[in-house]
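Numbering (numbering that gives the first Met the number 0), first residue to last: 0 to 469.
Honestly, the hints are just simulated from the structure, not real lab data.
Do not take every clue at face value.
In silico lysine to aspartate or glutamate, EDC-like type, Cα no more than 16 Å apart, as pairs [what the hints assert, rightly or not]: (1) Lys-425 / Asp-399; (2) Lys-127 / Glu-170; (3) Lys-151 / Asp-108; (4) Lys-425 / Glu-462; (5) Lys-167 / Glu-133; (6) Lys-443 / Asp-397; (7) Lys-210 / Asp-236; (8) Lys-453 / Asp-295; (9) Lys-362 / Asp-32; (10) Lys-251 / Asp-223; (11) Lys-154 / Glu-111; (12) Lys-443 / Glu-426; (13) Lys-154 / Asp-175; (14) Lys-335 / Asp-295; (15) Lys-381 / Glu-351; (16) Lys-1 / Glu-351; (17) Lys-210 / Glu-244; (18) Lys-420 / Asp-387; (19) Lys-461 / Glu-432.
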Amino acid sequence: MKRILLQNFEWYMKPETNLWAEIARDAYQYAQDGITESWLPPAYKAKNGINDVGYGVYDLYDLGEFNQKNTVRTKYGTCSEYEQAIKALQAQRIKVYADIVLNHKMGADGVERVNATVSHATNRLNMKHQTEIEAWTVFNFDNRNNMYSDFKWNKHHFKAVDFDHRSKTSEIYLFDGKSWSENIDVELGNYDYLMGADIDVSNPEVRQHLKDWGHWYTKRFGLDGYRIDAVKHIDFDFYYEWLQEMQSEGPKFAVGEYWSPDLRALHNYLQETQYSMSLFDVPLHFNFHIASFLGDNYDLRKIFNGTLVATQPDFAVTFVDNHDTQVGQSLESYVKHWFRYHAYALILLRTEGVPCVFYPDYKTHLPKLARMMRVSHRLNGKQFDMIDDTHVIGWSFDGDYPGAVVMSNRYNSIKKMYVGKQHAGKEFVDLMEHTEGVVTINEKGIGLFPVAAKVCSIYITKENYHESIL
0 MKRILLQNFE WYMKPETNLW AEIARDAYQY AQDGITESWL PPAYKAKNGI
50 NDVGYGVYDL YDLGEFNQKN TVRTKYGTCS EYEQAIKALQ AQRIKVYADI
100 VLNHKMGADG VERVNATVSH ATNRLNMKHQ TEIEAWTVFN FDNRNNMYSD
150 FKWNKHHFKA VDFDHRSKTS EIYLFDGKSW SENIDVELGN YDYLMGADID
200 VSNPEVRQHL KDWGHWYTKR FGLDGYRIDA VKHIDFDFYY EWLQEMQSEG
250 PKFAVGEYWS PDLRALHNYL QETQYSMSLF DVPLHFNFHI ASFLGDNYDL
300 RKIFNGTLVA TQPDFAVTFV DNHDTQVGQS LESYVKHWFR YHAYALILLR
350 TEGVPCVFYP DYKTHLPKLA RMMRVSHRLN GKQFDMIDDT HVIGWSFDGD
400 YPGAVVMSNR YNSIKKMYVG KQHAGKEFVD LMEHTEGVVT INEKGIGLFP
450 VAAKVCSIYI TKENYHESIL
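Between the sequences and the hints, there should be enough to build the whole structure, so can you do that?
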């Protein structure tokens, strides 16, 4: 059965959504629509309290349970509501993946004096002058009062910050006695530092604490796996070790966010981490983005060029957009609306990779996406690719639930495709309702499947069509 991962949030979600309660209500429908896995947003208390998406991590042990950052609940609800959401999903046999953010901390309780060296913003290996700063590195979590853990963070547990409280100056400050990790992404010379108070995972005390927390979190909430944030910014050996430790709780799926369009960087990370996790197929996302902006100037035959799903399909999680690629966000590279159904067909309706569906597309933006998802795990048999034309491509399946997908980025066309001799005489219709009429399969198992300009059509048998649109 085709897996479908749902990214269960988006950047602009409001606290009033009460996401945890919504998920508990909707879990049954998720299962009906073919969702097999759910990636939940960072559930811990973050710097901006109820308005924080969760990546400005403050306290890993507060999941909406303590009055910190002027709120008990997080943006998504309370700890008990989080537990209920997880139970509701798992009751529908939907696996739950937590968002793991261990690169940095924000919203410290106090400052400390630290000697540091200023690092050049665009070449981190170019060090400027030394200075004494006041760094936000004290994390005491007084209102949690040592519940679950008595670990307190201080300057020894971090290696860098980007703000000096004393001078009110923003620079990248590398603490004396610390160094950038060598086994790291080479963008900007060395991309160890990303934001906030940069956690020093080379510190044995920190390393053990993060393992202890991982065990606590996984056991308490019965997690099935992890989406891991910002892996290119953390020493490459850390998450291999951390995941090996977590596997003692039982097999856990993990997918890492390594944000790079360079396929070689993704391959290198998989090798460095001994294939202990999958990765999001960022190069494929950029192909979708470019295709949507170039329109009929894009060669659809190249849509899988330089992608993880084409080279390492067993370790590729494919996606169209996410919270970071939305308009106005740090990695803005959204896929235009006209191409979104094309892109989803390219990840949902093919055998390779694990597709990840974005919350706003599923909920509101693409009303026929759920149809596509329901068909996704039913299509079976051998996949026959016809990715052979600049502007019109397609593929088909010849199993007991046959189908054909055809898409265009320029003109109306017809694609001749094979769905199996055993289906001769059967009538196929367009699930997306872009074309009217039926396609009748001939004695050779071949049909002539029409597609309108700049749309994606999905053909299934008449019988299966009525079942899929309910």
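Report task. Output the numbers, in ascending order, of every earlier hint that fails for this structure. Result -> Hint 18 is the one this structure does not satisfy, whereas the remaining hints hold.
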